[in-house]
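Model the full assembly from the supplied sequences, consistent with the hints where possible.
The residues making up each chain are set out below.
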Amino acid sequence: MTGEVMIFLVLATIAIFGALVMLNASKVIHMLLALVLTFLSIAGLYVMLSAEFVAVVQVLIYSGAISIMMIFGIMLTKHHHDAKERTYRSSQRGWLVGVAMVLFFGIMYVLIEGVNFGATAPDLHVENTKQIGLSLYSHYVIPFELVSIVLLVAFIGAILLAKREEDTE
Amino acid sequence: MGWLTLLVFSPIVGIVLLLLVPSTQAKLQKRIAVICSILPLIMSIIVYQQFHSGADLSIRVPWISFGQYPFSFFVEYELGVSGFSLVLLLLTAVLMIVSMVTATMQIKKGWKQYALLTLLLEIGILGVFASQNLILFFIFFELTLVPMFLLIGKWGGMEKERAAYSYLLYNGIGSAILLIVIIVLFANVGSTNYEAIANASLSTELSMGLLISLLIAFGVKLPIVPLHTWMVRVHVQAPPALVMIHAGVLLKIGAYGLMQFGIGFFPASFQDIAPVVAILGLVNLLYGACIAFVQKELRSLFAYSSISHMGIVLLGIAAMNEAGLQGAMFQTISHGLIAALVFFLIGVVKEKTETTYITRLGGLSRTMPLTAGVLLAVGLASLGLPGMSGFVSEFMTFLGIFESMPVIAAIGTIGIILTAAYILRAVMDITFGKEVLAQQGIADLQGKEWIPVSIMLGLILLIGVFPTSLTHSIQTSVEAIVLRIGG
Amino acid sequence: MTVHAFLLLAAALFALGLFGALTKRNTVIVLICIELMLNAVNLNLVAFSKFGVNPAITGQIFSLFSITVAAAEAAVGLAILIALYRNKATVQVEDMNEMKG
Amino acid sequence: MTQIAWIIPFFPLMTFLLCFIFQKREWHHLCSRVGIMTTGLALIGSITVLIGQMIFGNSEAVISWLSIGDTVFSIGYIVNPLNALMLVIVSLVSFLVHIYSKGYMAGEERLGTFYAYLGFFTFAMLALVLSPNLLQLYMFWELVGLGSFLLIGFYFHKAEARAAAKKAFLMTRVGDVGLLIGMILVFWQVGSLEFSAIFQAVSGGDMDSGMVTLVALLIFIGAVGKSGQFPLHSWLPDAMEGPTPVSALIHAATMVAAGVYLVATLFPLFEASDTAMLVVAITGAFTAIFAACIAIVQTDIKRVLAYSTVSQLGYMMLALGSAGYVAGVFHLTTHAFFKALLFLAAGSVIHAAHTQLIGEMGGLWKRMKGTGWLFLIGTLAIAGMPLFSGFFSKEEVLLAVWKEEHYVLFTLGLITAFLTAFYMFRLFFLVFMSKKIIPYKRRKKIFESPRVMILPMVVLALLAVGAGYIHTGWFGPFLGEWLASGNEYITLHPHEGAGWLMAVTTLLTFLGIWMAYLMYQKEKLDRNYLSEAFPGVYEAVLNGFFVDVLYQRTVVFATKCLGIVGTWVERYVIQGILHFIEDITILVTKLASKLQNGQVQTYGAMVGVGLVVLLLIGLMQGRFF
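Chains S, X, G and C, in that order, are what the protein sequence lines are. Under UniProt numbering, the very last position in the first sequence is 169; numbers go up by exactly one each time. Under UniProt numbering, the very last position in the second sequence is 487; numbers go up by exactly one each time. Under UniProt numbering, the very last position in the third sequence is 101; numbers go up by exactly one each time. Under UniProt numbering, the very last position in the fourth sequence is 625; numbers go up by exactly one each time.
In case anyone wonders, no lab produced these hints; they're calculated from the structure. It cannot be assumed that every hint is accurate.
[Said to hold, decoys possible] Far from chain X by the CB rule (all over 10 Å, computed), these chain C residues: (1) 4; (2) 6; (3) 196; (4) 352; (5) 403; (6) 511; (7) 611; (8) 618.
[As the list claims (entries may be wrong)] Think about it this way: if two alpha-carbon atoms lie no more than 27 Å apart in a straight line, the pair counts; the simulated BS3-like pairs of lysine-lysine are: (9) S/27 / G/88; (10) X/296 / C/560; (11) X/448 / X/154; (12) X/448 / C/24; (13) X/352 / X/109; (14) X/112 / X/160; (15) X/352 / C/158; (16) X/352 / X/30; (17) S/163 / G/88; (18) C/590 / X/160; (19) G/88 / S/78; (20) X/27 / X/352; (21) G/88 / C/594; (22) X/296 / X/352; (23) X/112 / X/30; (24) X/296 / C/158; (25) X/350 / C/158; (26) X/352 / C/24; (27) X/296 / X/160.
The model shown is predicted, which means the values in this text are computed figures rather than measured ones. Positions of the beta carbon are idealized from the N, C-alpha and C atoms, including for glycine.
What follows is the structure in structure tokens.
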């Protein structure tokens, strides 16, 4: 067992553990913190996959921005039902979805087993950020700009939506 | 563009003119509607003249094409007439005038919309009979559906919505099946021209399946017995002026379709299921008559009577010989006139006495002797008295069916007696029955009301006394079909 | 290390996220679960950029876009949540059934 | 001269049209005049045709009426001895009835309608008689039925009249359907409906014997319906609800004789089948005695005459069924005259006495001598008194039966002759002679009928006496020879006067008259003896052996039941199925709308599960697209 595999196993275990904790925690804030754990371990996996820049972005956006935003969201709303929050709804739906998801994973497992691309990119980690930057500003400049517009629109929309009703008048 | 196009779209003149008149001027509107409904009649008389002088009336204009070689499809705008559809066109034009005149007297509110929708309906009906292309036929067929739905739903009786919806539902299913048939034919033949389809060779199984689908599609319209409940409801709920068109022409689309498409496209398969059709006809005939016998309400009685009479049409079609087919066509026209007149009278009676229950109408011949007299006359026509149109068709139909299926024919003759029984029961109880109708000062037939009566009664007598006046038109259609059957 | 391990991990995270999104009653958690699913997908993208048929930087760039859109989504989702909460004073998914037929 | 035949029916049709248009009260005096005039013209035309036929022989002309493919159905006219004779009978009786009605119906507020109907009936009857083919015959056969229907129901405010009219129409229609089927079968066998073509086919053996029998029997059903033969006879007595002149014209002389006429016209067809002939004979004989029995106990003057008509028509059928073509036609002729006379006389009595019940009459002889004498002549004629017309024709009928060696039927015929004499004289004695004194007040009001009513009766009385001499053993069988001369298919049986038969019938007649005299005039025999001894039988006979009740309980009931069952099927089976479909649709939509619970997560779950299922299927199939 190489070190690489060991690191992978550790990170994967943390990620899944975080996800499971998120699903089973009783307090919303705990859930969120568990998820941050998952996000961080995924960032670690990105590093393993020679994607240092993405890993940094992952830490910044997910572990940082989105998590903070969620915390704000949680704090701005009341969560009386926190104590009563059941992980699995008593209805059949929980079981149904659970079984479906297990099956889904099984199917994916079977399918992934059959995948073999063979090729490996050798030099992604060499000047990773530079490569991304070059591509973004040359090849993908239009999508990049479009995404920026999407972001702008989304944030303006979010502000508008979150504004109090009386403010609009 | 040809006379036929002008004929089919001639009601548009009325529609446009009516739209130009403000809705406050009711009198002017009525005048315009009546006058404009004469236009199709003039057109159809011209077409009649042209047809009998041997002119070629058919039109064929490229219309829609799609797909790429070798799977290209063409739909053409094709109009044309056969002898049978010609008389149906005439019948439509005549009944439309009569119905419009009736409507001016009996439709009180929303007159303008009523007239507009009726004229639209007329385009649909005329188009159905004049088209020579299945796609075109279907478009016109659907065009009859919507105005009719609105007309029933807005101007009907107590349960008008229910009636309108059951009309739409049944006929919608019917046209859906029809559409499937048309598409299958289109895909298999590559054209929807009547002749092209008739000449195409389809496998036996396919044509049998298509034929049965057609039987259901037009069986809804005709209607064939288990599919008839909508029609009774419409007869009872729709305004009598509308039922005149409905019973007079719309139901005939079923008969026309069965003859034009059923036998016309699949003669061999039709031969195979002719006994089934005959039995269906028998059931229609007897079942309708039996139920009509115990009805207490005039409109439902004559609705079942229509079912019974359509049984005769089915028998005639099932006979698959000259006499039977000619009888079926004759019956189609004859019943169109008779039913229209009956419902006109019912409209008059309902208008003036505000009831249509037989028990409440006793002694009509005292209060409204002329109405009662005409009702008796049309009742007699309906039960097939010689000298009236009903007899000729019954005679020919039974002549035909006795040749091909004597046993069914023999059972069918019971229908003649039953028809007499229920018609007499109804007519006698109404016109001559115990005098329940005590109201005084009920006006009898008068003035404008004589127009519909005299036109229709005159035509019933005309084709009853001189049947050749009608048969010399439908003869060509009969011959064409018989040639197809190969008999 | 093969691509399989990453793909399996991503699949597992995706399944867990989907499960949460479909069963959790708290809207915030549902949103969080959706983020988890997006992460799983991103993991796939990045994995393919290393082990794909045509391994290239494109996968990473795409995952960047995806993260951006996810951020926008989270922002809008939370805004909607706040607006809803203001109107209905609840964040329970069951209570948001305006589309009930 | 015979070429004008086609025009004859149109004269009465003119009456119909004119009287129908001008039926207002102020035109009434014109209506009767128009009616009398046009039937007079028809009578002149008919006599011309008759003479023309005698001089020039038969003639025929047809025009095409309807064509189906290559087959042409024609209408037109044919003149042969039989229908020339019928033409004269019909137009004569109709003419006389038109005159008579002027008096009888005076003051009727719907006189115009009455004459219109009479004209219509006469038109249809004349056209029926002129028919050269079965189709035309059938058409006018139906139309005379309509005329009869309208006239029976003339007093439509009376429920009985309505019911009677309806019954008459429906019962004859049952027969008509038989005729229709027979006609259609003939058509498919022969390929034409012309009488001549049918006879050729029959004599040429183109139709197999079974088919001939079937067709003949079916056509006979039509005749049974029209001529009031058992079992379709019961409409005829009820039809007496119509005005009396109508009964005289339609239900005595002309329309009811149409059935006999039909059998006579198609005689070659019937003759070709022994079975058919036997059925005709048996039906006739049975009807004759059956109706005579009922006639004995009837209390309504017109019903007695009606049953008597049924009985006499049975006689004619018996004659025809026994190959007595001439006898049948002969009796038809004489019967037309004396029965019309009897009805008109009865009408005169009713007109004066304002009642139809025999029990309320009696001793009218003194007040109405003229009517009394005329009625007596008619009675003598029908009873078969020697030297009166009925004697000759009845004897001819019985002779024909004897020669066919139908001894049972012959006996029945003899008994009927006796019964006829008995019930007719019962009627005569009770109405005119009985000593019972009508209350003075009512008696004072009874006057002899006006001359316009007496005159037609006198004409008929003369014929009732004299018509018998056209075919006798003494002066030669003129009628028979003439009838046979115009019809190649009729073989004339040589007339052999059987002296013993004459003696027997005369004896029976006198016996009948004597018994009636004893019972009802001298009252030496207790008239109620039998009815008291067998009350059940009496009840049965009085009600016409409950035939009507039987029909009411079976046919009418069955039809009603069918209708009700049909409605039930309609309401519960068909509507039930529809409701079932409707319910299923609603159930499904309800279930589906339950899925649409607004919970986005549920939708998502469904999508997810669906995806998994699809993936599973894909996995099992080994392909995903």
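Status of the hints after comparison with the structure:
1. 4: holds (21 Å)
2. 6: Given a closest Cβ separation of 15 Å, the condition holds.
3. 196: holds (20 Å)
4. 352: holds (29 Å)
5. 403: Nearest chain X Cβ is 37 Å from residue 403 of chain C, so the label holds.
6. 511: Since the minimum Cβ distance to chain X is about 44 Å, residue 511 of chain C lies beyond 10 Å and the statement holds.
7. 611: Given that every Cβ of chain X is farther than 10 Å from that of residue 611 of chain C, nearest at about 32 Å, it holds.
8. 618: holds (30 Å)
9. S/27 / G/88: With a Cα-Cα distance of about 22 Å, the restraint between residue 27 of chain S and residue 88 of chain G holds, given a limit of 27 Å.
10. X/296 / C/560: holds (13 Å)
11. X/448 / X/154: Distance ~25 Å between residue 448 of chain X and residue 154 of chain X Cα, so the pair holds.
12. X/448 / C/24: holds (21 Å)
13. X/352 / X/109: With Cα atoms ~17 Å apart, residue 352 of chain X and residue 109 of chain X stay inside 27 Å; holds.
14. X/112 / X/160: holds (19 Å)
15. X/352 / C/158: Since the Cα atoms of residue 352 of chain X and residue 158 of chain C sit roughly 25 Å apart, the hinted pair holds (cutoff 27 Å).
16. X/352 / X/30: holds (21 Å)
17. S/163 / G/88: It holds: about 15 Å lies between the C-alpha atoms, which stays within 27 Å.
18. C/590 / X/160: Roughly 25 Å separates the two Cα atoms, so the pair holds.
19. G/88 / S/78: The given pair, whose Cα atoms are some 12 Å apart, holds under the 27 Å limit.
20. X/27 / X/352: holds (21 Å)
21. G/88 / C/594: The given pair, whose Cα atoms are some 23 Å apart, holds under the 27 Å limit.
22. X/296 / X/352: holds (19 Å)
23. X/112 / X/30: Holds - the C-alpha atoms of residue 30 of chain X and residue 112 of chain X are around 8 Å apart, at most 27 Å.
24. X/296 / C/158: holds (22 Å)
25. X/350 / C/158: With a Cα-Cα distance of about 25 Å, the restraint between residue 350 of chain X and residue 158 of chain C holds, given a limit of 27 Å.
26. X/352 / C/24: holds (24 Å)
27. X/296 / X/160: Distance ~20 Å between residue 296 of chain X and residue 160 of chain X Cα, so the pair holds.
In the structure shown, no violation is registered for any of the earlier numbered hints.
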